[in-house]
Amino acid sequence: MLAHLQISILVFILLAAGFSAAAYKHFILGFPLFANAQQEVWKVEAKITFDAVGGESTVRLNIPEADTLRRITLMQSIGSDALFSLNDDEDTTFAQWTVAQADGPQSLYLRIHTFAVDEEMSMALPQGWALAGFYEGAKLQAAQSLITEFEAIKDSDERIHRILDEINLAEKSQLQLLLDGSGKRSSKVKLAVNLLKMQGIFARSVRGLALEESRSKQFVRYFVEVYIDGQWRLYDPREAAMTPWKKVLILQRGDEALLEVFGGFNSRVSFSTLKEKHAAFTTAVTAAKVQENPLVDFSIYSLPLAEQNTFKLLLLIPLGALVVVILRNLVGLATSGTFMPILIALTFLQTELLTGLLLFVLVVGLGLIMRYYLSHLDLLLVPRIASVLVFVIIIYATVGISMHKMGIDWGMKVTFFPMIILAWTIERMSILWEEDGGHEVFIQCGGSLLTASIAYMIMSQELVADTIFLYPELLLVILAIIISIGSYSGYRLSDLRRFSAMDRY
Amino acid sequence: MFSLLGLAKPSRLKKLGIVGMNKRNVVYIAKNNPRKLYPLVDDKLKTKMLCHQHNIAVPKLLGVCRVQGHVRELDDFLSQHQQFVIKPAKGSGGKGILVITGRKGKYFQKASGELLGIHEIKRHVSNILSGLFSLGGRTDVAMIEALVEFTDTFEGLSFEGVPDIRVIIYRGYPVMAMTRLSTHASDGKANLHQGAVGVGIDIATGKALKAVQYDQPIQRHPDTNKDLTSLVIPDWPELLTLASRSYDVTGLGYIGADIVLDKQHGPLLLELNARPGLAIQMANGKGLEPRLKTAEKEANKGEQVVEKRVAFATQVIAGMWGF
Chain A
27 MLAHLQISIL
37 VFILLAAGFS
47 AAAYKHFILG
57 FPLFANAQQE
67 VWKVEAKITF
77 DAVGGESTVR
87 LNIPEADTLR
97 RITLMQSIGS
107 DALFSLNDDE
117 DTTFAQWTVA
127 QADGPQSLYL
137 RIHTFAVDEE
147 MSMALPQGWA
157 LAGFYEGAKL
167 QAAQSLITEF
177 EAIKDSDERI
187 HRILDEINLA
197 EKSQLQLLLD
207 GSGKRSSKVK
217 LAVNLLKMQG
227 IFARSVRGLA
237 LEESRSKQFV
247 RYFVEVYIDG
257 QWRLYDPREA
267 AMTPWKKVLI
277 LQRGDEALLE
287 VFGGFNSRVS
297 FSTLKEKHAA
307 FTTAVTAAKV
317 QENPLVDFSI
327 YSLPLAEQNT
337 FKLLLLIPLG
347 ALVVVILRNL
357 VGLATSGTFM
367 PILIALTFLQ
377 TELLTGLLLF
387 VLVVGLGLIM
397 RYYLSHLDLL
407 LVPRIASVLV
417 FVIIIYATVG
427 ISMHKMGIDW
437 GMKVTFFPMI
447 ILAWTIERMS
457 ILWEEDGGHE
467 VFIQCGGSLL
477 TASIAYMIMS
487 QELVADTIFL
497 YPELLLVILA
507 IIISIGSYSG
517 YRLSDLRRFS
527 AMDRY
Chain B
13 MFSLLGLAKP
23 SRLKKLGIVG
33 MNKRNVVYIA
43 KNNPRKLYPL
53 VDDKLKTKML
63 CHQHNIAVPK
73 LLGVCRVQGH
83 VRELDDFLSQ
93 HQQFVIKPAK
103 GSGGKGILVI
113 TGRKGKYFQK
123 ASGELLGIHE
133 IKRHVSNILS
143 GLFSLGGRTD
153 VAMIEALVEF
163 TDTFEGLSFE
173 GVPDIRVIIY
183 RGYPVMAMTR
193 LSTHASDGKA
203 NLHQGAVGVG
213 IDIATGKALK
223 AVQYDQPIQR
233 HPDTNKDLTS
243 LVIPDWPELL
253 TLASRSYDVT
263 GLGYIGADIV
273 LDKQHGPLLL
283 ELNARPGLAI
293 QMANGKGLEP
303 RLKTAEKEAN
313 KGEQVVEKRV
323 AFATQVIAGM
333 WGF
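So the protein lines, in turn, are chains A and B. Residues 27 to 531, numbered by the working numbering, are exactly what the first sequence covers, in order. Residues 13 to 335, numbered by the working numbering, are exactly what the second sequence covers, in order.
Please keep in mind that the hints were generated in silico from the structure rather than gathered at the bench. For glycine and all other residues, C-beta sits at the position ideal for the given N, C-alpha and C. Any given hint could be a false lead.
To be verified - The calculated label-pair distances, taken between Cβ atoms and stated as ranges, are: (1) A/Trp436 x B/Arg47: 44 to 52 angstroms; (2) A/Ser428 x B/Lys48: 35 to 43 angstroms; (3) B/Arg47 x A/Glu318: 42 to 50 angstroms.
Stated by the list, open to error - Partial selection, computed: residues in chain A whose CB lies under 8 angstroms from chain B: (4) Arg241; (5) Ser242; (6) Asn355; (7) Gly358; (8) Ser513; (9) Leu522; (10) Ala527.
Claimed, not checked - Examples of chain A residues lying across from chain B (beta carbon under 7 angstroms, computed): (11) Arg259; (12) Tyr422; (13) Ser515; (14) Tyr517; (15) Met528.
Let the hints inform the model, and build the full structure from the sequences given.
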């Protein structure tokens, strides 16, 4: 009983560890559920130009902060020998270049790769923001009369839309008064923010890039962040409409400066945006690497690509083992050699199923005929198996060459079969034939090939292979299943068949 | 659904107390047979030595061929013996057993009547030593044993083969027994799935219960047409005691004892098996589980001497039919 409890606890721990690691990677790190998912990755390039006045000049560009919604996989200064650094200063993040000796026009480039992992923005609401005190006298009265009018609209989205729309039109006299006749976007956004705050709604102007299509030249635009009905919304003041978070790369919030240049003038920043489709999984891995997440840092993904591919194949073997365990202990199928079917299945991965089956039967059949002769010689064990091994090589060569001559190009695939395993299989089958008859050989060969075929069909699914590569922690889940089958003491399917006569007693 | 596919209903088997492969391995073998004790039964020479130490009757050991050098001495050695059996110590499933029943001039006669020269015998021993018949091809030793003179009990009931009696001993209690009779179809082998006849034996009396071949009930031996159900094993209490003592000497909790009946010496322990098969349930038409459970309950009350265990088996366990 104690062992039973131990197994239950172990299985539970393995399942919990496997699934929670996978869930963490999926929900927190943004790994896709299936490896074939595609992700929209934006490649943004900022171009900063300014005229240096000689001597040292420092350039600071406000850059997007890491938030729950967006991952940044690359942040790199390119094509410049200026000293570059990324800095965190209280609540702003900025990229800084220091040019030692500069004179005349300068240009600096910053490359950012980013993708959205979420639809909803979640961030803390600033504490102690002002509700009033923006206007006085006539302006205050004008603002209050507008607010009374707007507050009649109950639907929050509709109300914000109206506010932004009215400000855009600027036909109302109160609005003209409040804007001081200014048509500038910044003034309009500031007015909208103030009016919202006076209604008790937190709002903030932000500047960012619209990620809508690939464009070679783009400028930062104003947006309004609003916290309403318990959620953050983003509004495009020009359209006077809500805009999805993932379509905007926010560079600057509130009163932060977007670009600061010390020791230069005439500074400008422009952006180019390029949309690319990437395998969602690659982008998630890159993002986790950038964050130096230990789960990714110490994983298969930290290996070079070629080694990763080796592991991709190795990770499939436990799946094959699971198939063997199920077929042997739940179904009760007889196979020759416990895990030989897995190796055959791995070979099938390279040869394709039908070709593989055909070649296997061909090699083992020919091998059995040749081995039959050996049994008359009464050789010692090791020399006998060594001879069978030589036979196998000869059969490989014969099959490969003769098929090649016949113009059948898949004949050469015979070399993918593991020859030591085949030699042992032939040896074992031959002994089985002598001792228990050909019937038993067919049962065991058939069982092995059936197991190998089923294992192949699972292992050859790209979705399966990619998913297990994406979530190697699922191996713990497979282990849990194998362990629980290991303690299963119920009937096998073969028991039900074998004892079927008992029904009639 | 199950019967359509030719399968038994799991609930029905459960009711009969049939033990399946997984249950045998996980519950009975893994928990009762410590791995370190396996060599005691997997190596028949070790089993034999153990039995000698504890005065358990076994077929007499004439000699052991341990190295190839011994093979040369076989000429001299075998000249003293008319009848003998050569078997690999680590062989399984009756493989590599050579039975010589007599001499014809310089030839040795096999049980089937076939004649062999000394060279063929030497080669067979050589093969045994090189591991031809042992599991995994490990090197082995050849045992030369005296031939058992079978009682007449099995006259006409076994075709060419060695009739033995298998008793399952659970924690020292005999729980089920059967005898396996070879047939023409099984080629002299006592393997049930190769066509040997299994006859369930009543633990209480030693009388035949029912006979099966290829999982189907039969009444008469397919080759000799002799009635199988009239079989009564002589010396039954003595045989059960012998089988039951194998637990005391090996310490293995779940064991299959194979016993032969010698004309002069009575029951002799032939070999022990730490992974006895489940076909015995079919030959008895009963499941093992209720009996194993009962034996376990009794064993948990404390160690008993062999006589008490056998008595419990014949009085209580023998009467069990299912849950």
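Hint status (Cβ of A/Asn355 to nearest Cβ of chain B, threshold 8 angstroms)
holds, 6 angstroms
Hint validation: A/Ser513 versus chain B, beta carbon distance must be below 8 angstroms. Holds or violated?
Hint on A/Ser513: holds, closest Cβ of chain B at ~6 angstroms, below 8 angstroms.
Have a go at the A/Met528 hint: is there a Cβ in chain B nearer than 7 angstroms to its own Cβ?
holds, 6 angstroms
Restraint: A/Gly358 near chain B, CB-CB cut 8 angstroms. Satisfied or not?
holds, 7 angstroms
Do the numbers back the hint for A/Arg259, that is, is its least Cβ distance to chain B under 7 angstroms?
Cβ of A/Arg259 sits 57 angstroms from chain B, so the hint is violated.
Mind checking the CB of A/Ala527 against every CB in chain B and telling me if the closest is under 8 angstroms?
This hint holds: A/Ala527 lies near chain B, its Cβ roughly 4 angstroms from the closest one there, short of 8 angstroms.
How about A/Tyr517: closest beta carbon in chain B under 7 angstroms, or not?
holds, 4 angstroms
Assuming the hint says 42 to 50 angstroms, is it satisfied by the Cβ distance from B/Arg47 to A/Glu318 or not?
holds, 46 angstroms
Are A/Arg241 and chain B close enough, Cβ to Cβ, to be under 8 angstroms, as the hint says?
With Cβ-Cβ at 64 angstroms, over 8 angstroms, it is violated.
Is the interface hint satisfied for A/Tyr422? The criterion is a beta-carbon contact with chain B at less than 7 angstroms.
Hint on A/Tyr422: violated, closest Cβ of chain B at ~24 angstroms, above 7 angstroms.
Hint check for B/Arg47 and A/Trp436 - Cβ pair distance inside 44 to 52 angstroms
holds, 46 angstroms
Once the shortest beta carbon distance from A/Ser242 to chain B is found, is it less than 8 angstroms?
violated, 68 angstroms
The structure does not agree with the numbered hints 2, 4, 5, 11 and 12 stated previously, though it agrees with the rest.
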